[in-house]
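2 protein chains.
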Amino acid sequence: MSARRRELAVALVATGDELVEGRHVDTNSAEIARELLAVGFEPRRFTVLGDDEDGLVHALLELAAGHGAIVITGGLGPTLDDVTRHAVARAAGVALARDEGVLAGLRERFARRGRPFAEANTRQALFPAGAEVLPNANGTAAGFAIPVAGALVVALPGPPREMRPMLAELVVPRLVARVADLPCVERRAFHLFGLPESAFADAAGAWMERGANPLVGVTASGGRLSVTLRAEAATRAAARELADARAAEVRARFASWIFSEDEPDLAAVLGRELIARGVSVTLAESCTGGLAAERLTRVPGISAVFGTGFVTYADEAKTRLLGVEPALLAAHGAVSAPVAAAMARGAARHCGARLAVAITGIAGPGGGSPEKPVGLVHFGVSVDGVVSTEERRFLDLGRDLVRDFAASTAFDLLRKALCGLAPAR
Amino acid sequence: MSARRRELAVALVATGDELVEGRHVDTNSAEIARELLAVGFEPRRFTVLGDDEDGLVHALLELAAGHGAIVITGGLGPTLDDVTRHAVARAAGVALARDEGVLAGLRERFARRGRPFAEANTRQALFPAGAEVLPNANGTAAGFAIPVAGALVVALPGPPREMRPMLAELVVPRLVARVADLPCVERRAFHLFGLPESAFADAAGAWMERGANPLVGVTASGGRLSVTLRAEAATRAAARELADARAAEVRARFASWIFSEDEPDLAAVLGRELIARGVSVTLAESCTGGLAAERLTRVPGISAVFGTGFVTYADEAKTRLLGVEPALLAAHGAVSAPVAAAMARGAARHCGARLAVAITGIAGPGGGSPEKPVGLVHFGVSVDGVVSTEERRFLDLGRDLVRDFAASTAFDLLRKALCGLAPAR
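Sequences listed follow chains P and W, in order.
Start counting the first sequence at 1; every next residue gets the next number (our numbering).
Start counting the second sequence at 1; every next residue gets the next number (our numbering).
Hints should not be assumed to be uniformly reliable.
What the hints assert, rightly or not - Some, not all, of what chain W presents toward chain P, calculated at C-beta under 8 Å:
hint, residue
1, 20
2, 44
3, 50
4, 61
Claimed, not checked - If you want the footprint, here are the derived chain W segments under chain P, 3+ residues with CB under 8 Å:
hint, region
5, 288-298
6, 316-328
Rather than coming from a laboratory, the hints here were simulated on the basis of the structure.
Quick caveat: nothing in here was measured; it's all calculated off a predicted structure.
Each residue gets a CB set at the ideal place from its N, CA and C atoms; glycine is no exception.
Extracted from the complex, chain P is given alone in its bound form (with noise of 0.2 Å):
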């Protein structure tokens, strides 16, 4: 390996028994690749263990010859069991030390919540000597960062909303500033619903390379695609030319399944178009039984435009709340696009909502029959009191993507609607 591949190679390590055991899953080493990619880093490799010091020690000296950096999380803790500092410090051949400044910190943060200090937290003040110490504002872990080996070691606590500002404020300066020519990376996203990530692989050709630059990446969730492009160049301005000409070329294929270029979240995007525009939406949710509703009331302010939402499950709730006739359900089922078009017109009329978005289908497991297969979802959208009518067939995944399918074309169809609305009336 090159010293140059070397220097930009990144390792992450969690600890921790709950990881190693299955009971726990592991996020926070995705999160800091993110990151790290973002800012030119190419994070090679990901490695878990148990509350293991032996493990740990031995695992760091092996990353540490084939990495610049290694970042751990996890293990800071005050217990017997939270084993990172003395691990760190054996690998990297030194004592631990107690930081009085630290110590003195703890003490102060118990004595401000009327907390006993019990001698057992001193623990969380013993750093390896001569490392620099990471403060921590939301707990009392601190974190660390130390030379082994020729790879900079750092530890951050395992809590998200602890490790996830030190990372972006504490970390990520440093790790830059340790590099002295990073390649110059820049990135574009785009958020798409409602085409498949085969259709975007053919229609994108040449772009998805492997040795291609920009290179495009693609995740695909629930109808939804994440399409990242991940510009290198000698210098900034290059790299900003080429990710610029590409996502410009990306717009122009993609435009009318293109929902947001920095939201991945759907239900957020329409959220705050609604509240920026000012237009009420309500929701009729039969299969998806409140899931739209759940999602929508996630994006913080929403109750200047939703107010109402209706989760009619049975027939005899859609007929009661929404006025939809007994005998169109009786024609026509209640999986069916009259159905579908008399919930969003009763919920638009119930609350007098600009926009209504009606779903109704079959979720599965049972339930099914060859006309009105699992997956089968009827979608009436009333706009100003004018309901149109959508169907989609979505695979038989389980039901929890159907639903999750549901929920999101609904949000897709409202965000269309809207798209093509007057202003606030």
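Place chain W on chain P using the hints.
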């Protein structure tokens, strides 16, 4: 490391650029770890690598020295970036050989679906010479098993729905058969709601010690605790006796918090019990915005007892849909016990349900005050028309977590109400 310790040690490897670049999180390794732990193996280390043949060869040889078995997921597809079979062959020091039976099966599978058989697909019929082929009933990527430097290396496809049945049916039995005298392990699980992890640890005392047998593991998530017991002994009977004795003590000590011994999902436990007893239920949600309805309607068959849910986000919706008096809202505010009670009463009456729960609270980020801080949630519970209220003050750990706690608390209140309910009328 003793030969015995190595024999039981298992390493898990996941490959794919999307993993090491942080676009997907590896959940396979955690799932495999749980399954292998359950039958007496000791998962010691997870490794995540990109689509990097050299890196995988190196990692396999390194891991083979300390582990009796290595299970790899991913990299068995037909494209050039699927490198697992090549890497394992190199690590094992053998060539790749084509399996004519697998090739014929692939051709037949494509013909059956009317798709042309591309030459690239023959790659999926290549296996390290001497490997045992593991058929994949749910996809085109067959797995395989072959010894590498004394460790059994098993390769499985990455998609969980393909990997999972192969693990259970083909891999676990092979690994168990390989170890002459696997320690007898018995596991028990308990799922609790409403008890903080630290309170559990205090009450459990010496049971929690790291060397204890049974060993106790605790995982906390959204107010739920999952407690596992792992008892190990020389005979199956002795392990069972150890596990049963501690399980009886756990039941006695934590009875009022245990909601299940097999199902970790509180909504599923509640939903099945409602269905089994034929008790109808409705939900009136303000701050949770449909989350409770969404969770409950994940339970297959729930339509037998749940027909209507109300998402009354705005005050006006509480009045219009649930009949909450505007004067009550003005006097106490929407987040109050009287309004929670009125919401539950209105919801139950509206659809004639025996049970109703109402949720109204301050999920944040804004909207809190000294008297009504973010995290304050009022619940109303209607049982055959008799309404009671509960108040909870959750920690302000963010909007999503407050909503998660609130929905789970509502289910716990319903579960307890159901326990005290007379048989179906």
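Now the hints, each set against the structure:
no. : hint    : verdict
1   : 20      : 5 Å, holds
2   : 44      : 6 Å, holds
3   : 50      : 7 Å, holds
4   : 61      : 12 Å, violated
5   : 288-298 : holds (count 10)
6   : 316-328 : holds (count 4)
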